[in-house]
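Chemist: Line by line, the protein sequences are chains A and B.
Using my numbering, read the first sequence as starting at 1 and increasing by one per residue.
Using my numbering, read the second sequence as starting at 373 and increasing by one per residue.
No wet-lab data here; the hints were simulated from the structure.
You may find that some hints are simply not true.
[To be verified] Lysine-lysine pairs mimicking PhoX-like chemistry, simulated, CA-CA at most 20 Å apart: (1) LYS648(B) with LYS725(B); (2) LYS572(B) with LYS605(B); (3) LYS596(B) with LYS106(A); (4) LYS573(B) with LYS382(B); (5) LYS605(B) with LYS420(B); (6) LYS648(B) with LYS714(B); (7) LYS573(B) with LYS547(B); (8) LYS382(B) with LYS450(B); (9) LYS31(A) with LYS573(B); (10) LYS437(B) with LYS484(B); (11) LYS420(B) with LYS452(B); (12) LYS104(A) with LYS450(B); (13) LYS628(B) with LYS596(B); (14) LYS27(A) with LYS398(B); (15) LYS398(B) with LYS303(A).
[As the list claims (entries may be wrong)] Output of the computed footprint for chain B on chain A, the stretches with three or more beta carbons under 8 Å from beta carbons of chain B: (16) 135-147; (17) 304-311.
For every residue, glycine included, the Cβ atom is placed at its ideal position computed from N, Cα and C.
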Amino acid sequence: MSFFQAKSTTTNVKHSVDPAHQPWVEKYRPKTMDDISAQEHTIAVLQKTLVSTNLPHMLFYGPPGTGKTSTILALARQLFGPDNFRNRVLELNASDERGIAIVKEKIKSFARQTPRAQAVASDGNVYPCPPYKIIILDEADSMTQDAQGALRRIMETYARITRFCLVCNYVTRIIEPLASRCSKFRFTPLDSTSTSSRLSHIAREENIDVSPEVISTLIETSGGDLRRSITYLQSASRLSSSTNPPVPITPQDIQEIAGVVPTAVVNDFARTLGVSVDEDMDMDDLPANGKLKGFHSVQKKVKEIMRQGYSASQILSQLHDTIVLHPTLPARQKALSALAFAEADKALCDGADEELWVLDVGLRIHKAITAP
Amino acid sequence: MLTYPQFRPKTLDDLHYHQGLSIRLKSLAASADFPHMLFYGPSGAGKKTRISCTLRELFGSGVEKLKIDQRVFISPSKRKLEINIVQSNFHIEITPSEAGNYDRVVIQDLLKEIAQTQQVDLNAKHRFKVVVINEADSLSRDAQAALRRTMEKYTSNMRIILCANSTSRLIAPIKSRCLLMRVAAPNLEEMQIVLEHVAKKLKFDLPEEASQQIAEDSGGNMRKALLVFETLKMQSPDLSGPLTIAKPDWEMYCHKVADLIVQEQSPARVMEVRAKFYELISHCIPATIILKVKLSIWVPNKLTDNSQTVAERVVERVDEALKADVMHWATIYEGRMRLGSKKVFHLEAWTVKVMSLYKNFMYNFDMADFE
Chain A
1 MSFFQAKSTT TNVKHSVDPA HQPWVEKYRP KTMDDISAQE HTIAVLQKTL
51 VSTNLPHMLF YGPPGTGKTS TILALARQLF GPDNFRNRVL ELNASDERGI
101 AIVKEKIKSF ARQTPRAQAV ASDGNVYPCP PYKIIILDEA DSMTQDAQGA
151 LRRIMETYAR ITRFCLVCNY VTRIIEPLAS RCSKFRFTPL DSTSTSSRLS
201 HIAREENIDV SPEVISTLIE TSGGDLRRSI TYLQSASRLS SSTNPPVPIT
251 PQDIQEIAGV VPTAVVNDFA RTLGVSVDED MDMDDLPANG KLKGFHSVQK
301 KVKEIMRQGY SASQILSQLH DTIVLHPTLP ARQKALSALA FAEADKALCD
351 GADEELWVLD VGLRIHKAIT AP
Chain B
373 MLTYPQFRPK TLDDLHYHQG LSIRLKSLAA SADFPHMLFY GPSGAGKKTR
423 ISCTLRELFG SGVEKLKIDQ RVFISPSKRK LEINIVQSNF HIEITPSEAG
473 NYDRVVIQDL LKEIAQTQQV DLNAKHRFKV VVINEADSLS RDAQAALRRT
523 MEKYTSNMRI ILCANSTSRL IAPIKSRCLL MRVAAPNLEE MQIVLEHVAK
573 KLKFDLPEEA SQQIAEDSGG NMRKALLVFE TLKMQSPDLS GPLTIAKPDW
623 EMYCHKVADL IVQEQSPARV MEVRAKFYEL ISHCIPATII LKVKLSIWVP
673 NKLTDNSQTV AERVVERVDE ALKADVMHWA TIYEGRMRLG SKKVFHLEAW
723 TVKVMSLYKN FMYNFDMADF E
């Protein structure tokens, strides 16, 4: 008997991470559909299918961190219960080889096995456990066109005993024939109230002290991506608890972790370009200053910022927010600046040199703003 | 032996600048849950040094026993890829960009293999192994996508440390899974402290002005500063008198090219410049460097000098516009150079553009002067 016990504990160790060291993203993944924050419409539809136990093929799309993977996992768990979950659900993502051959073989062989008859679940609850399996194709937009093509027929052939769930960020990357076979569910970025309630729930569970300013900084930096804000919160709490004595988390910590350029640096840069930033209201000496040695001051500032190691795309996106949301700049100057930002973004995506482009954007904005 | 690898700090306590970062790294290494990390910053700021110090803090001196392996991976199209791997008992270091387009295969195979084996050394301080991925910003999108789920799934056996120059080219899901560590370039005083420290270790007297000059010249790149220091030490044993920090000869050559462009604008001159470009490229000077470091930054300066000698009353604002234009076209052609395959075309195109801009400007200016 003791032998069996020992064996079972070792297997447990292998499959589960010590909860204290688990990423909070996994630890606080919603267990049931009711736990999922926001996405009310999608959840309501899926709850109905849960009652009738008849699922269509599904296509979940939306920006990262909005709960797509969580939703399908919670749904599957509620359908099959903990015992059958493992052999009824196949999860494939971009880290697995997903060429055409894999789609053909792995999915086919998984889809071919007829599911066994249901048994009563170990925890006593009765699960619907419908007679089909679910194949989750996570990050489906990174599948090749050919592999997606190969899926078409497979989806139809095995429709009796399998349901597919495609999860992706960009619905446009899914080929039309696949998309038309699925019912689509759009996931919207989380609003700030549900994010903040979720974050403070986690903070309570983990016994960490989080001020409302920190929560609002988290929401600001993550832009509706719940996963990102949870990871940042975890990193921040790691940092604060690992020092001795523990220091409270500050909004600056969050900004540093998120790789956000401090507001002061961005404002300073904007001021060099001739944009008046709120804190600094003396408009008189600015244009004169900019006119005298515009090129060199901009060049120097850019060098300084690049030496600090900030990433170009981050600087540009923050500078963009500063300028586009600027209260007093005329529309024409904003438009010219926006044009510069757009070109720079394209070039950076192509892998162009960062310093040159930041400098170029800086000069163009400077020109647009100081022009009579 | 070269100084700089010899005096590379081995522990976090030895590091001279960014004390706040060192304290953080130290406390993170001591705590049980070490996160995935992403070190980023300009080159020569000390990212690698910090990574190796952190590893030492994590596992002790065992990480210094390195061995180099050559591994063969097989791509889906049955091509063999040979990749060099540096590893110790506790960590493994790869540069996946060596594999070019097939870096995804390397990432998938290698990480899965490591993730699925547990630490065998029972005396090890931590149960996980660390994978250091160099040049993470040149990973292809596919490879980055492959990292996403692996990073979450196998946290019990493996931690990843990414090292990159910039985070711009990393996809958001990777960034959100890592703890970002920004390693800024040291400022002048910090560099001088390090230089003096190294000089002291060499029992060598480094004059204040010399260290300042070296620090200024290297532009925040510690590695370059130490190498320059080394060369200077070879040249004059006591570092007395005025120092001349030798510029690489290709830099001088670039200056010459810039001069040529400013002096005269004609088709014949373009041919001359073109020949020089060819020479530079055939000496394996990357075209981006030619364009960026020397010509584009330098030509505008030259332009002002020259135009001021030609006519005293240069309207400052028009000149500003010209400089901005030169820069603008430099960035555009640099971007095209990345996408295109024939670098010299874009260099030439830029040269011609600058010449026409310059000439236009001078012509307009002269006309204005007559009126």
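Chemist: Is LYS573(B) within 20 Å of LYS382(B), Cα to Cα?
Modeler: Judged against 20 Å, a Cα distance of about 15 Å means the pair holds.
Chemist: Taking only the CA atoms, is the gap from LYS648(B) to LYS725(B) under or equal to 20 Å?
Modeler: 17 Å, holds
Chemist: Holds or violated: are the alpha carbons of LYS648(B) and LYS714(B) at most 20 Å from each other?
Modeler: 16 Å, holds
Chemist: Under the criterion that the straight-line Cα-Cα distance not exceed 20 Å, is the pair LYS596(B), LYS106(A) satisfied?
Modeler: It is violated: about 52 Å lies between the C-alpha atoms, which goes past 20 Å.
Chemist: Given the hint that LYS605(B) pairs with LYS420(B), test it: the Cα-Cα distance must not exceed 20 Å.
Modeler: 26 Å, violated
Chemist: Verify the proposed pairing of LYS437(B) with LYS484(B), using a straight-line Cα cut of 20 Å.
Modeler: 23 Å, violated
Chemist: Between LYS572(B) and LYS605(B), does the CA-CA distance stay at or below 20 Å?
Modeler: Answer holds: LYS572(B) to LYS605(B) is near 13 Å, not above 20 Å.
Chemist: Is the hinted pair LYS573(B) and LYS547(B) satisfied, with a Cα-Cα distance of at most 20 Å?
Modeler: Violated: LYS573(B) and LYS547(B) sit about 39 Å apart, past 20 Å.
Chemist: Hey, LYS420(B) versus LYS452(B), does the alpha-carbon distance stay inside 20 Å?
Modeler: Violated, because 29 Å separates the two Cα atoms, which is more than 20 Å.
Chemist: For a C-alpha distance cap of 20 Å, please report whether LYS382(B) and LYS450(B) respect it.
Modeler: 42 Å, violated
Chemist: Taking 20 Å as the top limit, are the C-alpha atoms of LYS398(B) and LYS303(A) close enough?
Modeler: 30 Å, violated
Chemist: Take a quick look at whether LYS31(A) and LYS573(B) sit within 20 Å of each other, Cα to Cα.
Modeler: At roughly 60 Å apart (the allowed maximum being 20 Å), LYS573(B) and LYS31(A) break the hint.
Taken one by one, the earlier hints fail for this structure at numbers 3, 5, 7, 8, 9, 10, 11, 13, 14 and 15, listed in ascending order.
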